[in-house]
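Chemist: Each chain is listed here by its residues.
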Amino acid sequence: MKTRTKIVASFACAAGIAGASTALAQPASFDKGVDASILEATRAIEELNAASKTRVKEKQPANQPAVRAAPRPVIRMTGPCNLNGNTQFFQIPYIGFCGAVHGSFTGFLGKDFATEDIAFTTQRLPAFRYGWRGLGLSAAVPMLYYWKNPLVGKTTSGAYTGTYSMVNFLAFRNTDYGTISVFINAGLFARTEKNYEGETRITLNQINGHYWRGAFDQAWVQFGGLRVGLQPSLFSFSRTGYTFMPGYASYMTTPAVSYTHRIENINVLPDLLPRLGASISVSAEDPTLRRYPDGVLSRYPTGMGYPDFVAQLRVGAPAFVVHASGAMHEIRDVSANAYNSFMPKYSTWGWAAQLAGEYRWKWSGLVGPIGGEMYGKAMLSATATQGALSYLGIPYMSIDYVSSSTGTIQRSSGQAIMGSYEHLWTPVFKTSITGAAFQTFMGSAPEFLGFGNVAFGFNTQVRGQRVVGNAEYWAGEGWAFGLEGGWTWSQANGQYLGGRGLPVAVNFPNVLTYMRKAF
Amino acid sequence: MSRTSLLAAIFLLSVMNSAFAQMATQSAPFNFAIGISSGSQSSIDLSQSGFVNVYYGIQDSNQANQAVISQNGLNNYSQMQQVGDSTGAFNGGPSDGREGPRYGGQNYAAVTQNGVENSSQILQMGGTNVAAVAQNSHVGNGSTPRVLVPTDGPIYQSYQTPEGYLSLFTTDSMSLAVWTPPGLTATSNFGRMH
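So the sequences go chain by chain: A and B.
Start counting the first sequence at 1; every next residue gets the next number (the numbering used here).
Start counting the second sequence at 520; every next residue gets the next number (the numbering used here).
Some clues are possibly wrong.
Derived coverage of chain B by chain A (criterion: at least 3 residues anywhere in the stretch with Cβ under 8 Å from a Cβ of chain A; other residues may be distant) [stated by the list, open to error]:
#1 561-568
#2 590-596
#3 674-681
#4 702-709
Simulated from the structure, these hints should not be mistaken for laboratory data.
Glycine is no exception: its CB is placed at the ideal position from the N, C-alpha and C atoms.
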């Protein structure tokens with residue numbers, strides 16, 4: 001029994017590290033993509049933990065109660081994987097693993113009311129530069145235009161529908177040298193979109209141009225604290241807000257090798273912070289997914305180069321989690337050299353850092369009986385970066401850097417904040433709200449267009465804000481229904497050759513409804 | 520007379536006085552002109568006829584800059600900056616509370632190019648910016664695209680043709696018109712396109 005509990009605890013750690021606070025029980029709130037997979041895995045593990053009812057009882061009090069979803073004994077088995085009546089895990093023949101399969105179907109229908117949006121065009125202005133053939137005109141001086149993109153007439157907005165449907169497989173086996181864990185999450189992630197001709201098309205999720213890669217959200221193997229495969233980035237906090245539409249925070253799964261060292265039961269202020277724990281993690285992650293180039297002012301070479309180096313520290317107790325992470329991202333520019341092969345290729349490093357946290361409480365513990373059976377939880381994250389804009393979790397409205405005509409690199413910078421709150425009114429109904437904002441700065445080093453006395457350069461600032469509200473109802477039998485509305489604001493402004501430009505601002509609402517069935 | 524002087528004509532148009540008007544004509548096979556002028560007002564009227572015509576001009580008069588460039592040849596390149604001194608403040612309109620210098624003066628640029636490969640680039644920073652580019656290429660359908668740049672408003676327009684790429688950008692006191700042939704065109708788009 002002790003060994004089995006150890007196995008389960010180890011697997012809970014494996015999923016909990018990736019899912020952060022989701023390792024703690026939470027209601028069957030709607031989750032998409034990564035969150036859902038981790039949540040499903042965590043639920044299954046928690047049910048295994050029912051082997052010790054006392055232990056489960058200890059994990060629950062400071063959290064929102066776990067709503068019993070539809071019974072999902074996909075495959076019932078008996079034998080060594082049946083722990084104290086838990087039937088979620090089954091014995092995998094011949095290899096000695098215990099496995100479990102879960103899944104969910106989610107369908108959504110939404111409408112985007114945007115009639116215009118901000119777009120950016122970059123250009124290298126022709127200027128006389130020395131090359132292999134001497135002095136001549138070449139595409140040289142960086143220039144960035146920002147403009148209002150009218151979507152009406154050739155709209156790509158409008159109503160859309162889609163699905164996030166997935167199947168999770170998890171398995172583990174205890175060996176003499178430690179526990180081996182395997183987790184795979186794959187599914188169908190598709191939605192309709194309108195192209196520039198206004199035609200509706202069904203698009204499947206793809207990453208780096210590969211549909212198969214877009215179908216896999218996670219696929220990793222873990223031995224002890226070492227995890228290899230497609231997994232959530234260590235930089236990310238648990239999720240991007242409690243609403244369907246994300247706030248401005250990064251959450252990404254990436255091919256990576258990571259190692260986590262866990263510290264259980266830190267005996268610091270045990271009365272105030274009971275069962276305090278911590279984890280320290282490092283990873284090497286795929287840098288290609290974190291690149292925000294435009295191809296003209298910034299262009300990465302093909303290939304990997306150095307991976308992104310990410311470190312993470314988490315401290316948590318059942319009621320809260322505090323997260324700090326940092327990442328180093330290699331910048332290797334070939335854009336200037338692409339237009340004038342006389343110019344050298346430079347490289348440097350970008351960085352990103354994040355502070356985040358989540359806290360959960362029962363309202364009756366704060367306001368007394370008037371709080372009833374209501375629960376609340378809130379999360380907050382703040383991110384800053386220089387040269388690694390992907391880590392902000394923002395739309396593709398900024399690029400990592402601008403390289404001059406001689407190849408020198410001007411890194412872009414940016415900051416993002418996000419706050420989200422979820423309120424559980426009854427065991428089957430909740431509402432949530434997410435607010436987020438970001439700003440970025442892109443600029444070029446002033447350069448002469450020709451032989452002139454005026455150096456030309458630009459500085460462009462991009463800002464964005466978003467507010468999203470959500471209501472969700474659980475109808476039982478694993479069914480959930482949700483309704484959501486949001487509003488997005490975006491602004492851009494620039495300075496050219498020291499003179500100011502006119503700002504461009506757009507805003508638009510959107511609505512969304514969805515249903516989800518867990519099995 | 521050297522061979523170089525037979526094949527190329529090089530003009531240097533440089534003035535520092537006010538209300539200056541410079542007229543020049545080049546008709547050698549290779550024409551290269553540099554125009555640099557300052558003072559309170561400047562005006563340049565240049566005509567180039569040759570196989571290769573290049574004009575590069577800077578006008579930084581703070582009241583008025585005018586340039587009329589005509590190029591007829593196989594390869595025509597024109598690049599000019601009309602930039603007056605920054606006034607540091609702008610009192611000609613309602614204040615919107617935003618900081619930053621604003622440029623004064625009036626800028627007018629007109630470029631006519633007839634050739635197989637035409638390239639024009641105009642950068643203007645002033646209170647009023649007017650630019651006109653007329654190009655006629657013997658390649659393609661032989662049509663004569665003609666574009667007038669708006670004088671105010673945050674506007675970006677681009678036109679892609681087999682002969683090249685024209686981008687027009689105007690925001691507050693800055694206006695930029697760039698025409699590049701395919702070999703010199705490097706552009707990209709990004710942003711949230713929905």
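Chemist: Would you mind marking each hint as holding or not holding in the structure?
Modeler: Against the structure, the hints:
1. A stretch counts as covered by a chain when three or more of its residues have a beta carbon under 8 Å from one of that chain; for the segment 561-568 of chain B and chain A the count is 0, and the coverage is violated.
2. Only residues whose beta carbon comes within less than 8 Å of a beta carbon in chain A count, and the segment 590-596 of chain B has 1; fewer than three means the coverage is violated.
3. Given a C-beta distance limit of less than 8 Å, the hint that chain A covers the segment 674-681 of chain B holds, as 3 residues qualify and 3 suffice.
4. Counting residues of the segment 702-709 of chain B whose CB lies closer than 8 Å to any CB of chain A gives 7, which reaches the minimum of 3, so the coverage claim holds.
In the structure shown, a violation is registered for the earlier hints numbered 1, 2, in ascending order.
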